[in-house]
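> Residue numbers (the working numbering), protein chains in the order written: chain A, 1 to 434; chain B, 435 to 679.
Derived by calculation from the structure, the hints in this document are not laboratory data.
Do not take every clue at face value.
[Stated by the list, open to error] Straight-line Cα separation of at most 20 Å, EDC-like style, residue types lysine to aspartate or glutamate; simulated pairs: (1) A:Lys380 to A:Asp313; (2) A:Lys174 to A:Asp343; (3) A:Lys148 to A:Asp343; (4) A:Lys264 to A:Asp343; (5) A:Lys28 to B:Glu636; (6) B:Lys507 to B:Asp533; (7) B:Lys507 to B:Asp497; (8) A:Lys28 to B:Asp471; (9) B:Lys470 to B:Glu489; (10) B:Lys470 to B:Asp497; (11) B:Lys649 to B:Glu560; (12) A:Lys143 to B:Asp471; (13) A:Lys380 to A:Glu395; (14) B:Lys628 to A:Glu20; (15) A:Lys243 to B:Glu636; (16) A:Lys414 to A:Glu434; (17) B:Lys628 to A:Glu5; (18) A:Lys369 to A:Glu395; (19) B:Lys470 to A:Glu31; (20) B:Lys648 to B:Glu459; (21) A:Lys174 to A:Glu283.
So the chains spell out like this:
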Amino acid sequence: MRWNEMSYSGWGRALQATGEVARPERSKAVEAAAPVPAIGNRRSYGDACTNNGGRAVEMSRLDRVLSFNAETGLVEAEAGMPIGELARLFAPLGWMPAVMPGTGFATVGGCIAMDVHGKNHHVDGSFGAHVTAIRLVTNGRPKTITPKNKALFTATLGGLGQTGIILSATLQMKRCDGRGMEVTEQRAENWEEHIALLASSNAPYTVGWLDATAKGSKLGRGIVEEAITTAVEPQSSPAGASKSVPFNFPRITLSKAIVRGFNKAYYLRIRDGGQTRIKPLEEFFFPLDGIHNWNRLYGKQGFHQFQCVVPDDSLDALKAMVEKIAGSGLASPLAVLKRMGPDASGIMSFPMQGYTLAVDFRESPKARKLIAELNEDTLKAGGRIYFAKDSLATEEQAKAMYPDWRKWAAEANKADPSKALETDLTRRLGLRSE
Amino acid sequence: MSETWIILGASSSMARNFTRRLAEEGHALILTGRDKDDLARLSADCLARGAAHCESFMIDARDAKSFTPIISKAGLVDGTLSCAMFIGSMPDQSEIDADPSLIDGVIADSFTGPARFLQLLAPLMEERGSGTIVGVGSVAGDRGRLGNYVYGAAKAGFATYLSGLRNRMGREGVHVMTVKPGPVDTAMTWGLGKQPFMTTPEGVSNDIFKGLRKKRNVVYTAGIWWLVMMVIRNIPEPIFKKMSI
Numbered sequence: 001m002r003w004n005e006m007s008y009s010g011w012g013r014a015l016q017a018t019g020e021v022a023r024p025e026r027s028k029a030v031e032a033a034a035p036v037p038a039i040g041n042r043r044s045y046g047d048a049c050t051n052n053g054g055r056a057v058e059m060s061r062l063d064r065v066l067s068f069n070a071e072t073g074l075v076e077a078e079a080g081m082p083i084g085e086l087a088r089l090f091a092p093l094g095w096m097p098a099v100m101p102g103t104g105f106a107t108v109g110g111c112i113a114m115d116v117h118g119k120n121h122h123v124d125g126s127f128g129a130h131v132t133a134i135r136l137v138t139n140g141r142p143k144t145i146t147p148k149n150k151a152l153f154t155a156t157l158g159g160l161g162q163t164g165i166i167l168s169a170t171l172q173m174k175r176c177d178g179r180g181m182e183v184t185e186q187r188a189e190n191w192e193e194h195i196a197l198l199a200s201s202n203a204p205y206t207v208g209w210l211d212a213t214a215k216g217s218k219l220g221r222g223i224v225e226e227a228i229t230t231a232v233e234p235q236s237s238p239a240g241a242s243k244s245v246p247f248n249f250p251r252i253t254l255s256k257a258i259v260r261g262f263n264k265a266y267y268l269r270i271r272d273g274g275q276t277r278i279k280p281l282e283e284f285f286f287p288l289d290g291i292h293n294w295n296r297l298y299g300k301q302g303f304h305q306f307q308c309v310v311p312d313d314s315l316d317a318l319k320a321m322v323e324k325i326a327g328s329g330l331a332s333p334l335a336v337l338k339r340m341g342p343d344a345s346g347i348m349s350f351p352m353q354g355y356t357l358a359v360d361f362r363e364s365p366k367a368r369k370l371i372a373e374l375n376e377d378t379l380k381a382g383g384r385i386y387f388a389k390d391s392l393a394t395e396e397q398a399k400a401m402y403p404d405w406r407k408w409a410a411e412a413n414k415a416d417p418s419k420a421l422e423t424d425l426t427r428r429l430g431l432r433s434e
Numbered sequence: 435m436s437e438t439w440i441i442l443g444a445s446s447s448m449a450r451n452f453t454r455r456l457a458e459e460g461h462a463l464i465l466t467g468r469d470k471d472d473l474a475r476l477s478a479d480c481l482a483r484g485a486a487h488c489e490s491f492m493i494d495a496r497d498a499k500s501f502t503p504i505i506s507k508a509g510l511v512d513g514t515l516s517c518a519m520f521i522g523s524m525p526d527q528s529e530i531d532a533d534p535s536l537i538d539g540v541i542a543d544s545f546t547g548p549a550r551f552l553q554l555l556a557p558l559m560e561e562r563g564s565g566t567i568v569g570v571g572s573v574a575g576d577r578g579r580l581g582n583y584v585y586g587a588a589k590a591g592f593a594t595y596l597s598g599l600r601n602r603m604g605r606e607g608v609h610v611m612t613v614k615p616g617p618v619d620t621a622m623t624w625g626l627g628k629q630p631f632m633t634t635p636e637g638v639s640n641d642i643f644k645g646l647r648k649k650r651n652v653v654y655t656a657g658i659w660w661l662v663m664m665v666i667r668n669i670p671e672p673i674f675k676k677m678s679i
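Next comes chain A alone, as it looks inside the complex (with noise of 0.2 Å):
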């Protein structure tokens, strides 16, 4: 393999980091190589994609179909095929993955290593739960490993990559009506509605768009969205003629005021009474795959997500958290709630039954106060914070987050013995240090 001496960061792009990278376009290069930290389209926010350093595999060009069966929607993608990619291709034949999260650039095997979540968390649990097979190169020997396989299986989902390289992995997807989503949107206008919307909502499809600027009896207005998959097929064409942001924006584009405005244009645009619109599944999906490197919005420094799920009974902590947020005036338009339920696909999968919170800050010395006191609510309220945006947590916030880490840690270490495959978030975290 050819390896590229770059400096690289994930979407975050708060934190750089230098080392050599190789971005092989053939599967046998990766197993015959020694271990090295994966990574895929670096659409983690933090430092989970990133290895300062040190060296790192990139996976995006290992992104083929290996195979596909249309009677049962079981595909097997190499680890580098974008999770869109995979909707695109087999939505118009009735089929999609189980599990998408916010991007559709996710890679398959970022999604695996961060277990991630969907709008449909509620109904259909995460990503992991739909993977019924994985091919990884585990303590230098490509080995393909099956639920059965229990202990391995649960520590690399959600296992950030360090229990082996994942090549290329089975998913069960499920069945679609097409390329449409019959989307409804109707506003909430505090905390207390946008949580009894949330909670009572049937569609298999759910997330709430949350104005984190709102105060006072304004708290926590938003709008939830509810969707079903439909064959009634969209009007407006998919992310085909898709925009890009062509350099930092400087830091006046997302101040305060502007912000505050923005948000109350985008609530106001839903009337009363809510909508209900054909839209195609990327719009709905991916709402910001649209517009390329939109992370330059933020300007140069960058910026940081900050996500946590708190349990049900912790809903007060929660709202408390959002009060604290809008009241610091740091946050951006981007701010997301959505119900979760019950998950236990991986060791250290993130989602819990409750409410998740994710708001974007631009990147500053008053938002990375923000995000710690952020984390520090987290723990105490008995939820965790998600490692595919985390940039700030300390060791002992994620370890006490994640009770089960030793468990994980063993496992990883037995995997990877040498520990070539930690990366700058196991690091800082102290993740595998049994």
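Given the coordinates of chain A, assemble chain B onto it according to the supplied hints.
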């Protein structure tokens, strides 16, 4: 309408992107390359994307015997037959300077091999009176330069061959299109640092499809290379020989 496309050097990332699009349009494919495992993966990928049919063959541009089964297969194809050639090799000029025998391989991979294959295929296509030949050369073939003149010479030879073939086949209803990529973001350029006007395999593929729709004879990709190479071609030799570009 569904055609049958023969892809030479299907494993390269440029070819992969182009081939997948053919698959999604439902064409039948005959894939050829040197890596059996990789061809099997690509073949599975194309079938999943909607290729009407997919078959792979091993090929070695330096061994004309390996052409025979592919040409026999092509002879059995019903309907329109087309062919895209993505083969070639580019060792460092310094390696060639150290071992001049490498020249034979470069010429065979990028020029004489593909030309010999097309010479065998041409009658089959003339018989059908339809179809397309896409020959991928390089901007390096437009002028001999310090950094890669042996590779450039091979690509120049291939471009001249294609121009003659176009002259011959055009009157029989077969379109021959020469594609000249500048730097493309592939394994070949990975680690070479930032390249001028670099395009992606997807960009090349888009330009090829656009060129085919418009029945273009020669296509540069990225398009700006048409202009760049026109300038470079027109630098007077007394000046050019002192330059290192």
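> Would you mind marking each hint as holding or not holding in the structure?
Comparing the hints with the structure gives:
Restraint check for lysine 380 of chain A and aspartate 313 of chain A: the C-alpha separation of about 12 Å stays at or below 20 Å, so the hint holds. Taking the CA atoms of lysine 174 of chain A and aspartate 343 of chain A, the gap is about 18 Å. The hint holds against a cut of 20 Å. Distance restraint check for lysine 148 of chain A and aspartate 343 of chain A: the Cα-Cα separation of roughly 18 Å lies within the 20 Å cut-off, and the hinted pair is therefore satisfied. Under the criterion of a C-alpha separation no larger than 20 Å, the hint pairing lysine 264 of chain A with aspartate 343 of chain A is inconsistent with the structure, at around 35 Å.
Between lysine 28 of chain A and glutamate 636 of chain B the alpha-carbon distance is near 23 Å, which puts this suggested pair outside the 20 Å criterion. At most 20 Å may separate the alpha-carbon atoms for a hinted pair to count; lysine 507 of chain B and aspartate 533 of chain B exceed this at roughly 38 Å. Annotation: proposed proximity of lysine 507 of chain B to aspartate 497 of chain B holds, straight-line Cα distance about 18 Å (limit 20 Å). A hinted pair counts as satisfied when its Cα atoms are at most 20 Å apart, and lysine 28 of chain A with aspartate 471 of chain B qualifies at roughly 8 Å.
A hinted pair counts as satisfied when its Cα atoms are at most 20 Å apart, and lysine 470 of chain B with glutamate 489 of chain B qualifies at roughly 12 Å. Straight-line distance between C-alpha atoms of lysine 470 of chain B and aspartate 497 of chain B comes to about 16 Å, which keeps the hinted pair within the 20 Å bound. For the given pair, lysine 649 of chain B sits about 18 Å from glutamate 560 of chain B by alpha-carbon distance, which is consistent with the 20 Å threshold. Proximity of lysine 143 of chain A to aspartate 471 of chain B is assessed by CA-CA distance (about 17 Å); at most 20 Å being required, the pair is judged to hold.
For the hint linking lysine 380 of chain A to glutamate 395 of chain A, the alpha-carbon distance of about 15 Å falls within 20 Å, and the restraint holds. Distance restraint check for lysine 628 of chain B and glutamate 20 of chain A: the Cα-Cα separation of roughly 15 Å lies within the 20 Å cut-off, and the hinted pair is therefore satisfied. This hinted pair checks out: lysine 243 of chain A and glutamate 636 of chain B have alpha carbons roughly 16 Å apart, not beyond 20 Å. In summary, the hint linking lysine 414 of chain A to glutamate 434 of chain A is supported, as the alpha carbons are separated by about 11 Å, within the 20 Å threshold.
For the given pair, lysine 628 of chain B sits about 12 Å from glutamate 5 of chain A by alpha-carbon distance, which is consistent with the 20 Å threshold. Under the criterion of a C-alpha separation no larger than 20 Å, the hint pairing lysine 369 of chain A with glutamate 395 of chain A is consistent with the structure, at around 16 Å. Taken as a hint, the lysine 470 of chain B and glutamate 31 of chain A pair is honoured in the structure, with Cα atoms around 16 Å apart against an allowance of 20 Å. For the hint pairing lysine 648 of chain B with glutamate 459 of chain B, the CA-to-CA distance comes to about 18 Å; that is within 20 Å, so the pair holds.
Between lysine 174 of chain A and glutamate 283 of chain A the alpha-carbon distance is near 19 Å, which keeps this suggested pair within the 20 Å criterion.
Checked against the numbered hints given earlier, the structure breaks hints 4, 5, 6 and satisfies all the rest.
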